[in-house]
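Enquirer: These protein sequence lines are chains R and W, in that order. Numbering-wise (my numbering), the first sequence opens with residue 80 and increments by one. Numbering-wise (my numbering), the second sequence opens with residue 366 and increments by one.
Calculated directly from the structure, the hints in this document are not laboratory data. Since we're looking at a predicted model, the values are computed, not measured. There could be a bad hint or two in this list.
[Claimed, not checked] Computed list of chain R residues with no C-beta within reach of chain W, every gap over 10 Å:
id	residue
1	Val-91
2	Gly-95
3	Val-98
4	Glu-99
5	Arg-101
6	Ser-106
7	Asp-135
8	Asn-141
9	Arg-160
10	Ala-167
[Claimed, not checked] Across the chosen pairs, the derived CB separations fall in these ranges:
id	chain 1	residue 1	chain 2	residue 2	range
11	W	Pro-405	R	Arg-143	48 to 58 Å
12	R	Arg-143	W	Glu-380	43 to 53 Å
13	R	Gln-159	W	His-447	26 to 36 Å
14	W	Pro-480	R	Lys-157	44 to 54 Å
[Claimed, not checked] Computed far set for chain W versus chain R, every beta-carbon distance over 10 Å:
id	residue
15	Leu-372
16	Tyr-390
17	Lys-414
18	Gln-436
19	Ser-449
20	Gly-471
For glycine and all other residues, C-beta sits at the position ideal for the given N, C-alpha and C.
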Amino acid sequence: GAGVSQTPSNKVTEKGKYVELRCDPISGHTALYWYRQSLGQGPEFLIYFQGTGAADDSGLPNDRFFAVRPEGSVSTLKIQRTERGDSAVYLCASSLGGGERVTQYFGPGTRLLVL
Amino acid sequence: AQSVTQLDSQVPVFEEAPVELRCNYSSSVSVYLFWYVQYPNQGLQLLLKYLSGSTLVESINGFEAEFNKSQTSFHLRKPSVHISDTAEYFCAVSFFSSNTGKLIFGQGTTLQVKP
């Protein structure tokens with residue numbers, strides 16, 4: 080079946096602009112995660128959704144970052160007033176949920192470059 | 366703090382030689398353990414996982430990893446590598462105490478297979 084998809088694959092923007100990154104999880108997966116991967120680093124957790132609600136947003140770096148999942152499927156990560164330090168690959172992952180269904184499957188990522 | 370350490374940032378090895386990529390985590394609570402592989406300009410692909418049961422787990426392409434609870438390790442091994450195994454490898458841990466399933470990643474190990 081179809082895996083996790085993310086759009087756009089690449090996004091170039093100017094400092095101060097607003098961007099939206101989209102994630103379409105695997106059908107039937109109730110859990111959705113966003114991670115950020117800086118160059119040469121491992122991914123870092125940003126936010127976790129169980130269904131429509133953000134169950135853990137402890138990884139969001141500041142209030143410029145926000146994410147939604149209004150219908151419990153597609154999620155959008157929103158970044159306001161972008162800064163050059165926001166440049167990274169943003170990864171989305173989904174899973175069936177808790178316990179041994181915790182295995183996460185990742186999308187190809189969105190490469191964000193802030194000029 | 367919960368953390369994951371990959372002891373080697375780069376591992377150069379000749380084709381058909383054995384390899385071990387090391388991973389240690391810091392936690393006194395139960396964990397789920399994963400290895401992901403990332404090929405250049407691609408997303409993360411699940412290589413193998415330990416959720417419960419046998420502490421030795423295998424992938425379809427010849428990799429194996431062993432969960433050692435006393436040493437809090439989950440080292441990845443392959444008896445004979447191929448050129449196509451050249452990639453970045455990430456160890457990731459989900460700590461039961463988080464209740465969210467979020468993954469904590471190591472910094473990654475670049476496996477360079479030489480002819």
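Enquirer: Could you run down the list of hints and mark each one as holding or not?
Expert: Here is how each hint holds up against the structure:
Val-91(R), annotated as away from the interface, keeps every beta carbon of chain W farther than 10 Å; the closest lies near 16 Å. Remark: the non-interface label on Gly-95(R) is consistent with the geometry, its nearest Cβ contact in chain W lying 28 Å away (cut-off 10 Å). Against the 10 Å criterion, Val-98(R) stays outside the reach of chain W, whose nearest CB is about 19 Å from its own CB. Consistency note on Glu-99(R): stated as away from chain W, and its beta-carbon is indeed over 10 Å from all of that chain's, at 19 Å minimum.
With a least CB separation of 15 Å from chain W, Arg-101(R) remains clear of the 10 Å interface cut-off, as annotated. Even its closest Cβ contact with chain W, about 18 Å, leaves Ser-106(R) beyond 10 Å, as expected for a residue assigned away from the interface. Remark: the non-interface label on Asp-135(R) conflicts with the geometry, its nearest Cβ contact in chain W lying 5 Å away (cut-off 10 Å). Distance check for Asn-141(R) against chain W: the nearest CB is about 19 Å away, which clears 10 Å, and the non-interface claim stands.
Separation of Arg-160(R) from chain W is adequate, the least Cβ-Cβ distance of about 26 Å exceeding the 10 Å criterion. The non-interface label for Ala-167(R) is consistent with chain W: the shortest C-beta to C-beta separation is roughly 14 Å, beyond 10 Å. For Pro-405(W) and Arg-143(R), the Cβ-Cβ distance of about 30 Å falls outside the hinted range of 48 to 58 Å, so the restraint is violated. Here the CB-CB span from Arg-143(R) to Glu-380(W) is close to 47 Å, well matched to the stated 43 to 53 Å.
Hint check: Gln-159(R) to His-447(W), Cβ distance near 46 Å, so the stated range 26 to 36 Å is violated. Take Pro-480(W) and Lys-157(R): their Cβ atoms lie about 46 Å apart, and the range 44 to 54 Å holds. At roughly 14 Å from the closest C-beta of chain R, the C-beta of Leu-372(W) stays outside 10 Å, upholding its exclusion from the interface. Interface exclusion of Tyr-390(W) from chain R stands, the closest Cβ pair being 13 Å apart, more than 10 Å.
Not every CB of chain R lies more than 10 Å from the CB of Lys-414(W), the least distance being 6 Å, so the non-interface label is violated. At roughly 21 Å from the closest C-beta of chain R, the C-beta of Gln-436(W) stays outside 10 Å, upholding its exclusion from the interface. No Cβ of chain R approaches the Cβ of Ser-449(W) within 10 Å, the least distance being about 19 Å, so the stated non-interface status holds. For Gly-471(W), the requirement that its beta carbon stay farther than 10 Å from each beta carbon of chain R is not met, with the minimum near 5 Å.
The structure fails to meet hints 7, 11, 13, 17, 20 from the earlier list, while all remaining hints are met.
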